[in-house]
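Asks: Below, each chain spelled out in residue letters.
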Amino acid sequence: DAEITQSPRHKITETGRQVTLACHQTWNHNNMFWYRQDLGHGLRLIHYSYGVQDTNKGEVSDGYSVSRSNTEDLPLTLESAASSQTSVYFCASSGRGLEQETQYFGPGTRLLVL
Amino acid sequence: QKEVEQDPGPLSVPEGAIVSLNCTYSNSAFQYFMWYRQYSRKGPELLMYTYSSGNKEDGRFTAQVDKSSKYISLFIRDSQPSDSATYLCAMKANTGNQFYFGTGTSLTVIP
Chain A
1 DAEITQSPRH KITETGRQVT LACHQTWNHN NMFWYRQDLG HGLRLIHYSY
51 GVQDTNKGEV SDGYSVSRSN TEDLPLTLES AASSQTSVYF CASSGRGLEQ
101 ETQYFGPGTR LLVL
Chain B
1 QKEVEQDPGP LSVPEGAIVS LNCTYSNSAF QYFMWYRQYS RKGPELLMYT
51 YSSGNKEDGR FTAQVDKSSK YISLFIRDSQ PSDSATYLCA MKANTGNQFY
101 FGTGTSLTVI P
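Chains as they are written, first to last, in the working numbering: chain A, 1 to 114; chain B, 1 to 111.
Calculated directly from the structure, the hints in this document are not laboratory data.
Hints are not guaranteed to be accurate.
Derived lysine-lysine pairs resembling DSSO-like cross-links, with alpha carbons at most 30 Å apart [as the list claims (entries may be wrong)]: (1) Lys-2/B <-> Lys-57/A; (2) Lys-56/B <-> Lys-42/B; (3) Lys-57/A <-> Lys-11/A; (4) Lys-2/B <-> Lys-67/B; (5) Lys-42/B <-> Lys-57/A; (6) Lys-11/A <-> Lys-42/B; (7) Lys-56/B <-> Lys-57/A.
Given only the sequences and the hints, what does the whole structure look like? Please build it.
Replies: Below, the structure is given as structure tokens:
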């Protein structure tokens, strides 16, 4: 079955360190998204990509970057981790046609920045 | 004003009750409406999907969209303890690929 996987599932890091969160989908979807989820804020869009070599900033993109070198993967990098980036991170994808109108989510990565 | 507003709850009901969850929105361009269920420490999973106005039923779940009022609802009949989760509404316009989410309503069904 097609799925989205994220790794690591849990991560503890220190302020100032670079961190990369992996996202891999086997849906063959063009569109991929990164969100962070915090109490009281719901899901907030960090970055998104509509295809290989395409990346776009979301509403909370400062301090984050992404790159899209193939269809399956969209890694999220925290350039210099800050305590404010402690959160749960979700990757999602959506496809073409009817599948474009729904998003499928990964299991999430819990990140703690000390 | 946020694009999508959702009462965060928490909502606590006895087993067997009918649950009503709601979202309002401001963007009249939204055409696709979704409900996601998120269990604790898990990713959101798609529960219901509706295009434009009207009702959609799937087992104990019914999704309603009233575009004239910019209001969507999810009804859960004969609620079960396994329905205890956070429910997020989401919306999308015809153009573009961005989705807009409510903040989620936390539901607990008490046995």
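Asks: Below or equal to 30 Å on CA atoms is what counts here, so check Lys-11/A against Lys-42/B.
Replies: 16 Å, holds
Asks: Are the Cα atoms of Lys-56/B and Lys-57/A separated by 30 Å or less?
Replies: The given pair, whose Cα atoms are some 34 Å apart, is violated under the 30 Å limit.
Asks: Are the Cα positions of Lys-42/B and Lys-57/A separated by 30 Å at most?
Replies: Judged against 30 Å, a Cα distance of about 25 Å means the pair holds.
Asks: Need the status of pair Lys-2/B, Lys-57/A: alpha-carbon distance at most 30 Å?
Replies: 19 Å, holds
Asks: Mind checking the alpha carbons of Lys-56/B and Lys-42/B for me, to see if they're no more than 30 Å apart?
Replies: 25 Å, holds
Asks: Taken at face value, is the distance from the CA of Lys-11/A to the CA of Lys-57/A at most 30 Å?
Replies: 24 Å, holds
Asks: For Lys-2/B and Lys-67/B, compute the direct alpha-carbon distance and say whether it is at most 30 Å.
Replies: 17 Å, holds
The structure does not agree with numbered hint 7 stated previously, though it agrees with all others.
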